[in-house]
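Number of protein chains: 2
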Amino acid sequence: MKLRRARLVGLRSGKEYDLARLEEWGEGGETLDLQPVGEWSPVRHRGTSIYERFRDFWYLPVEPQQCSLGEGHTPLIKAPPALKHYTGLDRLYLKNETANPTWSFKDRGTVACCALARQYGENYLATVSTGNMGQSVAAYAARCGMKALIITPATAAKEKLCSASLYGATILQVATDDLCRLKHEISPLATKHGLRITSGANPFRVEGYKFESFEMWEQLEGIVPDFIAVPTSAGGHIRGIFKGWQELEASGFVESLPTMVLVQPAENAPLAAALSADLPEPITFPPARTLASALTSNDPPGGTDLLNIAKYYGWLASDVSEDGIREGWHVASRSGLWLEPSSAIIFPALKQLTAHGKLPREATVVAVMTGAGPKDNTVLKGATEDLEKVPLEDLETRIARFMANW
Amino acid sequence: MKLRRARLVGLRSGKEYDLARLEEWGEGGETLDLQPVGEWSPVRHRGTSIYERFRDFWYLPVEPQQCSLGEGHTPLIKAPPALKHYTGLDRLYLKNETANPTWSFKDRGTVACCALARQYGENYLATVSTGNMGQSVAAYAARCGMKALIITPATAAKEKLCSASLYGATILQVATDDLCRLKHEISPLATKHGLRITSGANPFRVEGYKFESFEMWEQLEGIVPDFIAVPTSAGGHIRGIFKGWQELEASGFVESLPTMVLVQPAENAPLAAALSADLPEPITFPPARTLASALTSNDPPGGTDLLNIAKYYGWLASDVSEDGIREGWHVASRSGLWLEPSSAIIFPALKQLTAHGKLPREATVVAVMTGAGPKDNTVLKGATEDLEKVPLEDLETRIARFMANW
Numbered sequence: 001m002k003l004r005r006a007r008l009v010g011l012r013s014g015k016e017y018d019l020a021r022l023e024e025w026g027e028g029g030e031t032l033d034l035q036p037v038g039e040w041s042p043v044r045h046r047g048t049s050i051y052e053r054f055r056d057f058w059y060l061p062v063e064p065q066q067c068s069l070g071e072g073h074t075p076l077i078k079a080p081p082a083l084k085h086y087t088g089l090d091r092l093y094l095k096n097e098t099a100n101p102t103w104s105f106k107d108r109g110t111v112a113c114c115a116l117a118r119q120y121g122e123n124y125l126a127t128v129s130t131g132n133m134g135q136s137v138a139a140y141a142a143r144c145g146m147k148a149l150i151i152t153p154a155t156a157a158k159e160k161l162c163s164a165s166l167y168g169a170t171i172l173q174v175a176t177d178d179l180c181r182l183k184h185e186i187s188p189l190a191t192k193h194g195l196r197i198t199s200g201a202n203p204f205r206v207e208g209y210k211f212e213s214f215e216m217w218e219q220l221e222g223i224v225p226d227f228i229a230v231p232t233s234a235g236g237h238i239r240g241i242f243k244g245w246q247e248l249e250a251s252g253f254v255e256s257l258p259t260m261v262l263v264q265p266a267e268n269a270p271l272a273a274a275l276s277a278d279l280p281e282p283i284t285f286p287p288a289r290t291l292a293s294a295l296t297s298n299d300p301p302g303g304t305d306l307l308n309i310a311k312y313y314g315w316l317a318s319d320v321s322e323d324g325i326r327e328g329w330h331v332a333s334r335s336g337l338w339l340e341p342s343s344a345i346i347f348p349a350l351k352q353l354t355a356h357g358k359l360p361r362e363a364t365v366v367a368v369m370t371g372a373g374p375k376d377n378t379v380l381k382g383a384t385e386d387l388e389k390v391p392l393e394d395l396e397t398r399i400a401r402f403m404a405n406w
Numbered sequence: 001m002k003l004r005r006a007r008l009v010g011l012r013s014g015k016e017y018d019l020a021r022l023e024e025w026g027e028g029g030e031t032l033d034l035q036p037v038g039e040w041s042p043v044r045h046r047g048t049s050i051y052e053r054f055r056d057f058w059y060l061p062v063e064p065q066q067c068s069l070g071e072g073h074t075p076l077i078k079a080p081p082a083l084k085h086y087t088g089l090d091r092l093y094l095k096n097e098t099a100n101p102t103w104s105f106k107d108r109g110t111v112a113c114c115a116l117a118r119q120y121g122e123n124y125l126a127t128v129s130t131g132n133m134g135q136s137v138a139a140y141a142a143r144c145g146m147k148a149l150i151i152t153p154a155t156a157a158k159e160k161l162c163s164a165s166l167y168g169a170t171i172l173q174v175a176t177d178d179l180c181r182l183k184h185e186i187s188p189l190a191t192k193h194g195l196r197i198t199s200g201a202n203p204f205r206v207e208g209y210k211f212e213s214f215e216m217w218e219q220l221e222g223i224v225p226d227f228i229a230v231p232t233s234a235g236g237h238i239r240g241i242f243k244g245w246q247e248l249e250a251s252g253f254v255e256s257l258p259t260m261v262l263v264q265p266a267e268n269a270p271l272a273a274a275l276s277a278d279l280p281e282p283i284t285f286p287p288a289r290t291l292a293s294a295l296t297s298n299d300p301p302g303g304t305d306l307l308n309i310a311k312y313y314g315w316l317a318s319d320v321s322e323d324g325i326r327e328g329w330h331v332a333s334r335s336g337l338w339l340e341p342s343s344a345i346i347f348p349a350l351k352q353l354t355a356h357g358k359l360p361r362e363a364t365v366v367a368v369m370t371g372a373g374p375k376d377n378t379v380l381k382g383a384t385e386d387l388e389k390v391p392l393e394d395l396e397t398r399i400a401r402f403m404a405n406w
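Protein sequence lines, in the order shown, are assigned to chains A and B. Going by the working numbering, the first sequence opens with residue 1, and the numbers climb by one from there. Going by the working numbering, the second sequence opens with residue 1, and the numbers climb by one from there.
Chain A on its own, in the form it takes in the complex:
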């Protein structure tokens, strides 16, 4: 595919940075954003791949396909009746990112980072992760014959680390519960040793997430959803999805923007709490243990820039209690959707906003399902007991009992 030139720009200063820069953030911690160079009049092309159809929106100087595991191209489905009923939303759609190669949305961003690393001759990928990103980075590194370094706090779900290591990654688990302290400490060390770390809000990762919106736009046949709800930790995902719609608007594909709904656990809501209270800066949370173990960025770098965008465009925020997360997980499961708690959190969030009159019942809402249930079995452990083994001769009685009850 034909590639276009792009530049890396600081969101606050407007200053241009070197594309090959090791650090993911600009001076003073400003958020970096990839923008096309020169005249930009994108059109939609033909092709079976979303990368082909929206290639005018791909700004990286390297093709994603060379590193692909088949990420993206995920289903958008109408919500099962039980979930419409629970959230109170009649036109609720679900974007199923658990249909990605490592069963979370991370793969869309990882493929971009992977392709870029190749371009720079770096035969490794490194990340700080509580699980999903580590799995994704480990898998794509394996796909490309690269090494992977996964740096993780002590709170990460053990299953997720195990799987990163089975993909062949080196796991470095650090004796701290504080994800963001870990990120802050590691950044200067990484730069000093020439190590590139790609974290959740990496600007190249954001470019991958954009394509989720292009798919939604196609799948909704040109309708712009009124709201898109996204479980949020570091903020790269929600930023990428919104950027996708911004670019669709800038290029005349659509005439309005969706309102984003930023969802976090109440135990760790640095962005949601700040947005609700109309504060200019994220509220730093103490390291938290929450069922939503993938949503533990307690002091997200770039949080101030994200809040600026959120306030300018009138995003909604919702934080959900641990009981709420458990309830959402249960309702989703009983609707046929087994999500990790960090993803099922989206449903109680929508329920709250509808109950408070912030979401009209007839609004078109897309809830993004970010990660698959089997990736994090923590909740499962309490939910099931050892099963009775029924003797063959009792089968008939049991069948008769089932038939009597449905």
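These are calculated hints, taken from the structure and not from any lab test. Hints should not be assumed to be uniformly reliable.
Copies of the same chain look alike in the list, so a pair counts if it works inside one copy or between any two.
Each computed DSSO-like pair below joins lysine-lysine, with the alpha-carbon atoms no more than 30 Å apart [unchecked claim]:
#, residue 1, residue 2
1, Lys147, Lys158
2, Lys158, Lys358
3, Lys192, Lys389
4, Lys84, Lys147
5, Lys147, Lys358
6, Lys78, Lys358
7, Lys84, Lys192
8, Lys243, Lys84
All values reported here derive from a predicted model rather than from experimental measurement.
Given chain A, put chain B in place with the hints provided.
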């Protein structure tokens, strides 16, 4: 979508059976097959859904969309370099069925059974399953507000049963290791009590699996693969995929058929061993414990009919040792693909066939990845140990060590 009439026909006798028949097999255990009624000149339609585009090939008197969780529409990818190298195949493609709503191919068949149950006014789904089918049936029943009954032998992976129960299913675990004895015993009991059981080779399930081939055909842009390899237990999946290609040929979409490759674990190879030895009947295996815990049909009903098809069309067979399965699982993981062992078995099977000259290196081969790794953590348990927690002050040393080694 416009629905066409269909009839249920016995593969051996040619006799027509009632579509609403409770039993999945005909008289004398013959395999049943759904066929269109009247003139049949299918065309490919426009539409974003595979059901829409190939609606002329959907023979059930009920729409799948009403029960859909977004199954199908899975990626076909080029195999990572390490897997091409391992199998010795230069043109190896992977059809990733782990991108389905419950992360296995079963969902394509379950949606058909679910829609049909609704049509018959049956507010339940029941199945005999070692895991993946149970999960899928439980999820779709939950999606539609129906009850689910999952009957399972004592050998089923505990994680899979837990997840079926969290979808809200009733689990009936029977004190036997013998999956097929269980199936044989339960059939008359079910009929007696009016219980419909949909098993792996259910004729309606097969109709769902066909659509996998229509997707392959589109994704390969009209090329017919020389070989398609499928991990096989009851045989419904491989039969459905082949039927899809047969229908594409019968309707003039393609001019040749792929050769199917039937893969089973050596510890339980009733079909593969019979096919290799050119026997007319499946070889009944004793109940086996194998890493490929989803491939434990030891005396599959309808096995003779499947062997007849296989021999007529010259299918290949391959059985894989436990060490081979472990090796395949490892190689797949180290290529970025975390599959359940029952699915990773496909790669050592292809390697063996290539080494024995049965698969030419330049053949176009599709390997079907049937189920996701996180669904069955059995292998994981041995593969990882507790991780060391590195103190924050040692981070720099560890980073320097990583940088020295890539």
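* To do: Report the numbers of all earlier hints that the structure fails to satisfy, in ascending order.
  => Checked against the structure, the hints that fail are numbers 2, 5, 7, while the rest are satisfied.
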